[in-house]
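Each chain, letter by letter, is given below.
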Amino acid sequence: DAKTTQPPSMDCAEGRAANLPCNHSTISGNEYVYWYRQIHSQGPQYIIHGLKNNETNEMASLIITEDRKSSTLILPHATLRDTAVYYCILALISNFGNEKLTFGTGTRLTIIP
Amino acid sequence: NAGVTQTPKFQVLKTGQSMTLQCAQDMNHEYMSWYRQDPGMGLRLIHYSVGAGITDQGEVPNGYNVSRSTTEDFPLRLLSAAPSQTSVYFCASSYSAGTSFMGYTFGSGTRLTVV
Chain A
1 DAKTTQPPSM DCAEGRAANL PCNHSTISGN EYVYWYRQIH SQGPQYIIHG LKNNETNEMA
61 SLIITEDRKS STLILPHATL RDTAVYYCIL ALISNFGNEK LTFGTGTRLT IIP
Chain B
114 NAGVTQTPKF QVLKTGQSMT LQCAQDMNHE YMSWYRQDPG MGLRLIHYSV GAGITDQGEV
174 PNGYNVSRST TEDFPLRLLS AAPSQTSVYF CASSYSAGTS FMGYTFGSGT RLTVV
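Protein chains in written order, with my numbering: chain A, 1 to 113; chain B, 114 to 228.
Okay, chain A solo, but in the shape it has when bound:
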């Protein structure tokens, strides 16, 4: 699996947009970009994923550059509950339709009151 590079930690003020970068310069054409987060020691929570186009859902937006070598997860109005470790993951959809995730060490995002 191709690797991703994320900053180890970031701070963001409460109410502001949190922009989490991810570099994946060796991404292959059929690899999806996934974002998960892990709050404290809970199980990871799926946020969003995309292949080429920008994506938005009720939690976040995912911006993927045209060359697909990097992406940014945007939490539009960060709250204290968004404090977590955020994982950017590349994965293929298998012939069975599932994806096998390879987690890195992620970015620890701290929302500051």
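Calculated directly from the structure, the hints in this document are not laboratory data.
Treat the numbers as computed from the prediction; the structure is a model and nothing was measured.
Treat the hints with care, since some could be wrong.
[Said to hold, decoys possible] FRET-style restraints, in silico, Cβ to Cβ:
(1) A:11 x B:123: 49 to 57 Å
(2) A:57 x B:125: 13 to 21 Å
(3) A:42 x B:193: 26 to 34 Å
(4) B:125 x A:110: 30 to 38 Å
(5) A:26 x B:151: 20 to 28 Å
[As the list claims (entries may be wrong)] What the simulated footprint calls covered on chain B by chain A, stretch by stretch (three residues with Cβ under 8 Å from a Cβ of chain A suffice, anywhere in the stretch; the number is not a length):
(6) 153–160
(7) 163–174
(8) 198–210
(9) 218–224
[Stated by the list, open to error] Cβ-to-Cβ under 8 Å is the rule here; a few derived chain A residues that face chain B:
(10) 28
(11) 43
(12) 46
(13) 49
(14) 87
(15) 99
Where a beta carbon is used, it is the ideal one built from N, C-alpha and C, also for glycine.
Chain A is already provided as a structure; the job is to place chain B on it using the hints.
Okay, now just chain B, sitting in the frame of chain A:
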């Protein structure tokens, strides 16, 4: 819906003992996976299943067995526990809708200590 339920939440084993970590989901998801998370690290895939009767190995399968006799259950068996298997274990499930993959729902984890 209970989602993904893992039992037990905590377990202490002695080296050489065997045990089964239970995972059940009530969402009729076809895909299920087991991950382990060591301190300060990301999750690593142990085994996964794409449906009843179909399982495959992940990144770190040694020392673990799985089976999937029903859609709902995906137990993880530790054959002979070793201190290196001290970790937090997460079970996850998901499904696909046509060409869209829905992302995994994770359980709350089982914290295993092998002494």
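Next item on the list: Could you see if the CB distance from residue 11 of chain A to residue 123 of chain B stays within 49 to 57 Å?
Entry: About 33 Å separates the Cβ atoms of residue 11 of chain A and residue 123 of chain B, which means 49 to 57 Å is violated.
Notebook entry, point to check: Given residue 49 of chain A was flagged as interface, is its beta-carbon under 8 Å from a beta-carbon of chain B?
Noted result: 6 Å, holds
Note to self: Under 8 Å between beta-carbons, do enough residues of the region 163–174 of chain B, three at least, approach chain A for the coverage claim to hold?
What the structure shows: holds (count 5)
Note to self: Assuming the hint says 13 to 21 Å, is it satisfied by the Cβ distance from residue 57 of chain A to residue 125 of chain B or not?
What the structure shows: With a Cβ separation near 40 Å, residue 57 of chain A and residue 125 of chain B fall outside 13 to 21 Å, so the hint is violated.
Check: If you take the shortest Cβ to Cβ gap from residue 43 of chain A to chain B, is it below 8 Å?
Finding: 3 Å, holds
Item checked: Assertion that chain A covers the region 153–160 of chain B - criterion: three or more residues, beta-carbon distance below 8 Å -> holds (count 6)
Check: Honestly, do residue 125 of chain B and residue 110 of chain A meet the 30 to 38 Å range at C-beta?
Finding: 32 Å, holds
Margin query: Just to make sure I understand the rule, a stretch counts as covered if three or more of its residues have a C-beta closer than 8 Å to a C-beta of the chain. Does the region 198–210 of chain B meet that for chain A?
Written below: Check passed, 5 qualifying residues.
Check: Taking 26 to 34 Å as the hint, is the beta-carbon distance of residue 42 of chain A and residue 193 of chain B inside that range?
Finding: Once the Cβ atoms are compared, 30 Å apart, the range 26 to 34 Å for residue 193 of chain B and residue 42 of chain A holds.
Check: Measuring from the C-beta of residue 46 of chain A to each C-beta in chain B, is the shortest one below 8 Å?
Finding: 3 Å, holds
Next item on the list: Mind checking the CB of residue 28 of chain A against every CB in chain B and telling me if the closest is under 8 Å?
Entry: At about 17 Å, which exceeds the 8 Å cut-off, the nearest Cβ of chain B leaves the hint on residue 28 of chain A violated.
Notebook entry, point to check: Three or more residues of the region 218–224 of chain B near chain A by CB distance under 8 Å?
Noted result: holds (count 5)
When held up to the earlier numbered hints, the structure conflicts with 1, 2, 10 and fits the remainder.
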